[in-house]
Amino acid sequence: MENGSILTYLLITPILGSLILLFIRKEQENLIQWFGLAVSLAAFIISLVMFTNFDQSNGSFQLVEKYLWIDGLNVSYHIGVDGISVLLILLTTFLTPLTLISTWGTIKKNIKLFTFFMLFLEAGMLGVFISLDLFLFYIFWEAMLIPMYFIIGVWGGENRIYASIKFFIYTMFGSLLMLVAIIWLAVDASSQLGYFTTNLLELYKVGPTIARDIQNYLFLAFFFSFAIKVPLFPLHTWLPDAHVQAPTAGSVILAGVLLKMGTYGLIRFNLPLFPQASVEFAPYISVFAVIGIIYGALVAMVQTDMKKLVAYSSVAHLGFVVLGIFAMTVESVQGAVIQMINHGLSTGALFLLVGMIYERTHSREISFYGGIAKLVPVYATFLMIASLSSIGLPGMNGFIGEFLILLGSFKSQVLDNWWFTIFAASGVIFAAVYLLWMYQRVVFGNVTNPKLENLSDMNGKEWLVLVPIILLIFWIGIYPTTFLDITETSTINILEQVQNFTIKLLN
Amino acid sequence: MIDYIYLTILFPLAGFLINGLFGSKIKNEKIIGIIGSSAVGLSFLFTILSFIQLLNLPIDERTRVVELFTWLNVAGLNIKFAYLVDQLSIVMSLIVTGVGFLIHVYSIGYMHGDKGFWRFFAYLNLFIFAMMNLILGDNFLVLFLGWEGVGLCSYLLIGFYYDRKFEKGTVPEAAKKAFIVNRIGDFGFLLGMFLIYQTFDSLNFLEVFSKAEYFPISETTFSFIALFLFIGATGKSAQIPLYVWLPDAMAGPTPVSALIHAATMVTAGVYMVARASIIFASAPAIMTLVAVIGLLTAFFAATIGLVQTDIKKVLAYSTVSQLGYMFLAAGVGAFGAAIFHVMTHAFFKALLFLGAGSVIHAMHEQQDIRNYGNLKKYMPVTYLTFIIAAFAIAGVPGLSGFFSKDEILWYSYSKGNLTFWIIGALTAVITAFYMFRLVSLTFFGKERFGKDVHPHESPKVMTIPLIVLAFLSIVGGYVGIPEIFSGEGGNALKNWFKPIFAPAEAKLRTFGSHSHFEELLLMGISVAAALSAIYFAYVVYTRKKEIADKTASSVKGLYNTLLNKYYVDEIYESSVIKPILIISEKVLWKVTDNKLIDGIVNGSAKLIYYISIIIRKMQTGVAQFYALIMMIGISVALFWLILTL
Chain A
1 MENGSILTYL LITPILGSLI LLFIRKEQEN LIQWFGLAVS LAAFIISLVM
51 FTNFDQSNGS FQLVEKYLWI DGLNVSYHIG VDGISVLLIL LTTFLTPLTL
101 ISTWGTIKKN IKLFTFFMLF LEAGMLGVFI SLDLFLFYIF WEAMLIPMYF
151 IIGVWGGENR IYASIKFFIY TMFGSLLMLV AIIWLAVDAS SQLGYFTTNL
201 LELYKVGPTI ARDIQNYLFL AFFFSFAIKV PLFPLHTWLP DAHVQAPTAG
251 SVILAGVLLK MGTYGLIRFN LPLFPQASVE FAPYISVFAV IGIIYGALVA
301 MVQTDMKKLV AYSSVAHLGF VVLGIFAMTV ESVQGAVIQM INHGLSTGAL
351 FLLVGMIYER THSREISFYG GIAKLVPVYA TFLMIASLSS IGLPGMNGFI
401 GEFLILLGSF KSQVLDNWWF TIFAASGVIF AAVYLLWMYQ RVVFGNVTNP
451 KLENLSDMNG KEWLVLVPII LLIFWIGIYP TTFLDITETS TINILEQVQN
501 FTIKLLN
Chain B
1 MIDYIYLTIL FPLAGFLING LFGSKIKNEK IIGIIGSSAV GLSFLFTILS
51 FIQLLNLPID ERTRVVELFT WLNVAGLNIK FAYLVDQLSI VMSLIVTGVG
101 FLIHVYSIGY MHGDKGFWRF FAYLNLFIFA MMNLILGDNF LVLFLGWEGV
151 GLCSYLLIGF YYDRKFEKGT VPEAAKKAFI VNRIGDFGFL LGMFLIYQTF
201 DSLNFLEVFS KAEYFPISET TFSFIALFLF IGATGKSAQI PLYVWLPDAM
251 AGPTPVSALI HAATMVTAGV YMVARASIIF ASAPAIMTLV AVIGLLTAFF
301 AATIGLVQTD IKKVLAYSTV SQLGYMFLAA GVGAFGAAIF HVMTHAFFKA
351 LLFLGAGSVI HAMHEQQDIR NYGNLKKYMP VTYLTFIIAA FAIAGVPGLS
401 GFFSKDEILW YSYSKGNLTF WIIGALTAVI TAFYMFRLVS LTFFGKERFG
451 KDVHPHESPK VMTIPLIVLA FLSIVGGYVG IPEIFSGEGG NALKNWFKPI
501 FAPAEAKLRT FGSHSHFEEL LLMGISVAAA LSAIYFAYVV YTRKKEIADK
551 TASSVKGLYN TLLNKYYVDE IYESSVIKPI LIISEKVLWK VTDNKLIDGI
601 VNGSAKLIYY ISIIIRKMQT GVAQFYALIM MIGISVALFW LILTL
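Chains A and B supply the protein sequences, listed in that same order. Under our numbering, the first residue of the first sequence carries the number 1, and numbering increases by one thereafter. Under our numbering, the first residue of the second sequence carries the number 1, and numbering increases by one thereafter.
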């Protein structure tokens, strides 16, 4: 394999896979499942090869490929990665095969189409993380919506149509704002550079020079698009509906990767393209992030549906990530990136676990359960580990992210106010409340519901899905250096870009 | 041996992993018990060897850092898994592994026959692992890892009997309460760490403390750091206002109460304050706060202990109260005395709990002391060891508790003021009284249990740890004989800790001298009062029960207030917990989310829908209508053209 085009191989694997899949007969469900898994594993292996070819000490984009695509508009097939995208790509390729395995036996309707959409989705997500051209990025960004729309809309729960349309319209609304901003940016570039371009690397130089009032509007257009995806309070109401209605696999990918596109976008586009606006808006955005942390946790606390509870906890967790990004210190942004991974693992594991018990009982109501520790001790143990990871217990992944974010935001000169951190840190209390409370009501006590008596413990397939996630949870918790080192130079690069244009503002 | 100090941490981890992963397969209680106990036994052995090595080093070389690997390295933050062996951490390690080992052995007998036997030992080992990280960590973050880790183990062990009821609620509720209240404290601890990092650019103990000693840093900054850290301490060490979880923690098995909720974990806050003594000493206002909180906690918890009827509850409030003493000591700047009391308290309070466990065992899980009586006849070893511990906690001269408590009381006066001493001494009197109320109701007087109950002495595996702890409760105090008896420089423990606390004491140096006469006088008063309280309690509760009943009914209001623990739980419930739940559900979720935000979202969708209904009317599909519209359009256009021409 030629290293020069490894990213293309990575991108094309799921695309090709999904196309070949179309030629397999619908009835051959086993073959389809194994084929889907094989393709996603191939993508995972390629992403590992990509990782070995990636130089962590180099902060600029690597493994770059560029071919002119639309001549007159200077639009290119321009891809490449830095440390932050590498980590998110690894998360994507890691979660996809696990998610596919988790659907074996649980997705029964039209397996072929489902597997097709999952691979399609993986390609879309990878495309988002490797695009270095705004036009290309936008295509992947929108393309990703389609498979997710269908995954929720076809394989979802009772209220799936409402949820999928709400998901689609919400995100679409944001995307359109971004599209306008992309075009504006490219037009602005042509007045400065003499040619129309959507090349991100060139726009990094153009963006900061745009007049401040225009820059603010462009910043906001991008920001709204990403904030909806994150989702940042108060733009989060599509999330609980989408999660509750989506099948488990949809929820895992949605929480695990899709939400990260929003925070990734903030880091990749908002900060470096509009540094002055970023610094100016940072305190206001952080206010919403902190509200989200507390609000998400409080609302999660009073949920009666386990999946909805986990969904609201995402609002809180992603609030931490946004706070970390806009605190703009190396600690906080590093924390934000690792927290993106952590959330993918912890919340992914929680959704998988809720899904597993739902498959057995067809209920997600907390009050339906109670005392299952006696019936399914292994399940109870896994649920405990996933909950503690989400709570942010030191020694596990969640703590590393939250700690760095809070530490960084406390000393942040951009925010320059303790209260952000003080309020955000109160989130660590509430996280313990809602998760342990749920755990207590579901797992502890005596079995009172006769329908639970035949509950079976984890099977081999479920072990296989969860163990890799649990191992990573501890790996990040105990030796996060492996992961933090990947992103450090890139993080510093982005912050330096901000610093260069806002030096006066920062001092 | 010091270079291998991490083994004291890894042995319990190995024990946890073996029993945790394979315990349910091993099944054999003996093997599980031996694995669990020997893991801690080996830790104890290595700690002793390290201690001996430290003892043989010159005084200025008694601080050693053993590094394992980097944990976090981001920007200026560099945190290693590194362990600090010095005079303070080694003493704490000895207490934890030593007492911990005894309690592990005792548990083999106590937990015999329990379905969750392996789970119990796995958790207990995990606890020792976390506690050793807390004590030995060379920076705030490793300490915090241990700090949260012990909290988790405490949660798991309080909730060990997860299918049982506990008082008005359930066992898991008590466990959850402990974890969450602790988390409130941890929130403070976290903020403390952030401010430390911002101020000193490090979280490493040696670096932070040496900067704190020499750098010009404002008292306000120190005060905030100390305040935040102290909030953490009030959570873990059950001080006002966060003490409420500890009495409920009694829902756990009794060896857990002895190990975690008496001897070791709850003293973590005291350890942390002592560790950061230089920071606290640089914040005089917070020092006063620490002393006052400690004193009030000591006093109020003791008053609650007076009327409780559950044997473990009495001991729980007693623990809260004794922890208060430790903070009183730290708050007046007597950090060494605080740690001294941590040690003696570990001996006699672990003994009291284990003794209580032995009694509960014998009485078939009956915990109400009103249903005991005359047990000395049936359980001589338990009785004898229990009463030794009771004498120790009551401060009877010659026993360990006397030395440490007297030192605290003396400093509360000499470094604090007379009011501190008066309340402290009064608390000591109350302590002596409620302890001997407990002893009398349990071991003396008439038998108040049914004929179907046949109390018996516990097996050797339980009584031997009792005997060892009784021995320690007697002699444990002689490492800290007050200088008034041993002469200038005769207090061995004080000398041992001197290099650790010298910088803090230098900052706090108070002038004004006190005479030996004063010290002896105060000591005499408090000892005489405590002895009288012991005698009085003995008389009242063995022979003249009616006095107690009469007193209780004559001050019914006060009695009920004490019995209901000043209604603090109820106040928290109605002023904090309920409102948060109601607001979260009724306001945030059902209104803000579902009505307000979704109202706007769905409303704008509806708006577009209705607008399109109106606009749709233009597309009727009738060609004549389009022609008409076209005609009108052309006419208007023409008219406009003509006008503008």
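If you are wondering where the hints come from, they were derived from the structure by calculation, not from laboratory data. In this text the structure is predicted, and so the values were computed from the model without any measurement. Careful: at least some of the hints might be erroneous.
Lysine to aspartate or glutamate pairs mimicking EDC-like chemistry, simulated, CA-CA at most 16 Å apart [said to hold, decoys possible]:
1) Lys374(A) / Asp457(A)
2) Lys66(A) / Glu158(A)
3) Lys590(B) / Asp305(A)
4) Lys374(A) / Asp163(B)
5) Lys27(B) / Asp114(B)
6) Lys168(B) / Glu61(B)
7) Lys374(A) / Asp569(B)
8) Lys507(B) / Asp114(B)
9) Lys109(A) / Glu27(A)
Just a sample of chain A residues kept apart from chain B, beta carbon distances all over 10 Å, derived [said to hold, decoys possible]:
10) Ala38
11) Ser57
12) Ile101
13) Lys108
14) Asn110
15) Asn159
16) Gly194
17) Tyr204
18) Lys205
19) Pro234
20) Gly371
21) Leu393
22) Val433
23) Val443
Note that beta-carbon positions come from the ideal geometry of N, C-alpha and C, so glycine has one too.
Evaluation of the provided hints:
no.	hint	result
1	Lys374(A) / Asp457(A)	10 Å, holds
2	Lys66(A) / Glu158(A)	45 Å, violated
3	Lys590(B) / Asp305(A)	14 Å, holds
4	Lys374(A) / Asp163(B)	9 Å, holds
5	Lys27(B) / Asp114(B)	11 Å, holds
6	Lys168(B) / Glu61(B)	54 Å, violated
7	Lys374(A) / Asp569(B)	31 Å, violated
8	Lys507(B) / Asp114(B)	53 Å, violated
9	Lys109(A) / Glu27(A)	11 Å, holds
10	Ala38	32 Å, holds
11	Ser57	14 Å, holds
12	Ile101	23 Å, holds
13	Lys108	32 Å, holds
14	Asn110	29 Å, holds
15	Asn159	13 Å, holds
16	Gly194	40 Å, holds
17	Tyr204	23 Å, holds
18	Lys205	26 Å, holds
19	Pro234	5 Å, violated
20	Gly371	6 Å, violated
21	Leu393	6 Å, violated
22	Val433	6 Å, violated
23	Val443	8 Å, violated
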